[in-house]
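J.: What follows is the residue order along each chain.
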Amino acid sequence: MKVAVCVNHVPDTETKVKVGSDNLTIDKTGVNFMLSPYDEFGVEEGLRLRDKFKGEVIVLSLGPESHKETLRKALAMGADKAVLLRDDATRDSYGVAVGLAAELQKLAPDVILFGKQSIDYDNAQVGTIVAELLGLPSVAVVVKMDVQDGKVVCDREIEGGHEVVETKLPAVFLAQKGLNEPRYPSLKGIMAAKTKPIEEKPAAPAEPQVQTIRMRKPPGKSAGRIVGTDKSAVPELIRLLHEEAKII
Amino acid sequence: MKILAFAEQRGAKFKKSSLETVRAGRTLADQLGAEFAALVAGSGVEGPAAELATYGAEKILVVDQPDLSRHSSTAIARVIATVAAEEKFDVLLLSASQMGKDISPRVAAKLQAGLAADCTALTIENGDLIATRPVYAGKALVDVKVTTPVKVFTLRPNVFTATAGEGKAQIVKRTVPLTPEDFGTVVTEVKVASGRPDVTEADIIVSGGRGMKGPENFTLIEQLADVLGAAVGASRAVVDAGWRPHTEQVGQTGKTVSPTLYVACGISGAVQHLAGMSSSRYIVAVNKDKDAPIFQIADYGIVGDVLEVLPELTQQMKQALGK
Numbered sequence: 001m002k003v004a005v006c007v008n009h010v011p012d013t014e015t016k017v018k019v020g021s022d023n024l025t026i027d028k029t030g031v032n033f034m035l036s037p038y039d040e041f042g043v044e045e046g047l048r049l050r051d052k053f054k055g056e057v058i059v060l061s062l063g064p065e066s067h068k069e070t071l072r073k074a075l076a077m078g079a080d081k082a083v084l085l086r087d088d089a090t091r092d093s094y095g096v097a098v099g100l101a102a103e104l105q106k107l108a109p110d111v112i113l114f115g116k117q118s119i120d121y122d123n124a125q126v127g128t129i130v131a132e133l134l135g136l137p138s139v140a141v142v143v144k145m146d147v148q149d150g151k152v153v154c155d156r157e158i159e160g161g162h163e164v165v166e167t168k169l170p171a172v173f174l175a176q177k178g179l180n181e182p183r184y185p186s187l188k189g190i191m192a193a194k195t196k197p198i199e200e201k202p203a204a205p206a207e208p209q210v211q212t213i214r215m216r217k218p219p220g221k222s223a224g225r226i227v228g229t230d231k232s233a234v235p236e237l238i239r240l241l242h243e244e245a246k247i248i
Numbered sequence: 001m002k003i004l005a006f007a008e009q010r011g012a013k014f015k016k017s018s019l020e021t022v023r024a025g026r027t028l029a030d031q032l033g034a035e036f037a038a039l040v041a042g043s044g045v046e047g048p049a050a051e052l053a054t055y056g057a058e059k060i061l062v063v064d065q066p067d068l069s070r071h072s073s074t075a076i077a078r079v080i081a082t083v084a085a086e087e088k089f090d091v092l093l094l095s096a097s098q099m100g101k102d103i104s105p106r107v108a109a110k111l112q113a114g115l116a117a118d119c120t121a122l123t124i125e126n127g128d129l130i131a132t133r134p135v136y137a138g139k140a141l142v143d144v145k146v147t148t149p150v151k152v153f154t155l156r157p158n159v160f161t162a163t164a165g166e167g168k169a170q171i172v173k174r175t176v177p178l179t180p181e182d183f184g185t186v187v188t189e190v191k192v193a194s195g196r197p198d199v200t201e202a203d204i205i206v207s208g209g210r211g212m213k214g215p216e217n218f219t220l221i222e223q224l225a226d227v228l229g230a231a232v233g234a235s236r237a238v239v240d241a242g243w244r245p246h247t248e249q250v251g252q253t254g255k256t257v258s259p260t261l262y263v264a265c266g267i268s269g270a271v272q273h274l275a276g277m278s279s280s281r282y283i284v285a286v287n288k289d290k291d292a293p294i295f296q297i298a299d300y301g302i303v304g305d306v307l308e309v310l311p312e313l314t315q316q317m318k319q320a321l322g323k
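The listed protein sequences correspond, in order, to chains E and B. Numbering-wise (our numbering), the first sequence opens with residue 1 and increments by one. Numbering-wise (our numbering), the second sequence opens with residue 1 and increments by one.
Incorrect hints may have been included.
Calculated lysine-lysine pairs in the DSS-like style (CA-CA distance at most 27 Å, straight line) [to be verified]: (1) B:K88 with E:K221; (2) E:K168 with B:K191; (3) E:K151 with B:K191; (4) E:K231 with B:K288; (5) E:K81 with E:K194; (6) E:K221 with E:K2; (7) E:K18 with E:K217; (8) E:K231 with B:K213; (9) E:K28 with B:K145; (10) E:K246 with E:K221; (11) E:K246 with B:K323; (12) B:K16 with E:K246; (13) E:K16 with B:K288; (14) E:K54 with E:K144; (15) B:K145 with E:K18; (16) B:K110 with E:K106; (17) B:K290 with E:K217.
Residues on chain E that point at chain B, a partial pick, calculated with CB under 8 Å [unchecked claim]: (18) N180; (19) R216; (20) V234.
Treat the hints as calculated values from the structure; they're not laboratory data. Just so it is clear, CB atoms sit at the ideal spot from N, CA and C, and this is done for glycine as well.
Chain E with its partners taken away, still in its complex shape:
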């Protein structure tokens, strides 16, 4: 089984976002980057599928040189190969999807995994656009997948429950938290990852269809009032919710 996992390199969740001087992107000064958490579930699922069905896991990322750090992490977790589709420009989801789809077309994997969304721009589009461009089915927000004889039965999260979705390989799957528990790279894995080559080639992305006009901070919420210091404050809290906020 050939598995491809597409990963992104994003600011870590503890980052306090500052708007950059271009007013279009964030100020990257002092920001730590990491493998996007949902993509990590994708990598783990890829490794499990490989171990079960034999084959290989190829991780791909489209972006600048710095994405190699995230590819290296996926290799340390146990991926067999890594490909950096080098691109230094700012892209929208469609642009990235076109670049990834061109490479995936050549690789022709049985299973293509993504995270359900990248935690920077939160678009949740790239994986499904890739599927559409390749003419493949896709299942988004997957919390369980069961592969048997080329047929896949997935549980996908919806509001207040789950959907059971059936599809056939080749197909694209977008991983959600809960799909698995990603492994920590072992020391052996980390050492091995240092010697595994990362293939680098120029990306062939598309021009943006969505243009950012400006980035700004959300209107700030300021501290309100402390109503009290124990349960005797409850009547006053209820009064405020009723008379001031008018929500109950």
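Using the hints provided, position chain B relative to the given structure of chain E.
T.: Only chain B this time, still in chain E's reference frame:
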């Protein structure tokens, strides 16, 4: 200009977010002097479709065919793209629900349209349609312009208002021929988890963190949630500790929520958590640490032991609401 709002349904019932999307489409059409229609697709949906007139749809396109009795995101995407192309719609609106987020990228790709996802506002600026969308889980906002001739927007649930009013609609039936290839995925079963609303759709969320001390104390959260008809939320720490399911997680690696009221119980307010809930209209925090970051954004705070305050709050809320 022509605007189309897709009103998703399950079992011939519209979600609130579908009604929000239809009303938002009507509002936008009025601002732009555009034509507006809603689209409903499924099996046995023609009758229920008429309800959308109340939300401002003067024309309702109905694709009611037996092969759509089981939900298939690939087939529905084909239906929407076909209708939009044939009727030459310029702007498409969908809800950024789990269904909308699954379908919209396909629809956009089929129409060679740019997609602005999970928008919290649509405004007209110098004649351009500008969408506002939170990024980094709400730590920043971007204002974006879709530059393709056809534009697709998904709207975040619980942000736009589904105001009902008077309205009559012309119902236009359409058929979209589908082939087996269009059914790349098929939903075979829908499992509903609990009777409580989902955090992304709830008006009120009662959420718990480490300060709850242990998973058994979440019954206190659930009791208040049930009195308020609220959803139960959780911080990443308690989800990672296995106290609560990840479906309840609020924050950057969970759900981003905008309820009317968010009650944070024993949540200190990590950066990634605040990002996911700070757009709530009112925030109540109960935490014993007066320096907890949650108090910097809370409208009302009680600095005290949550395990003591919560039962009292539930009890008095019950009386206040006459339950």
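J.: Which numbered hints are broken by the structure, listed smallest first?
T.: Numbers 1, 6 and 18 - these are the hints that the structure violates, sorted from lowest upward.
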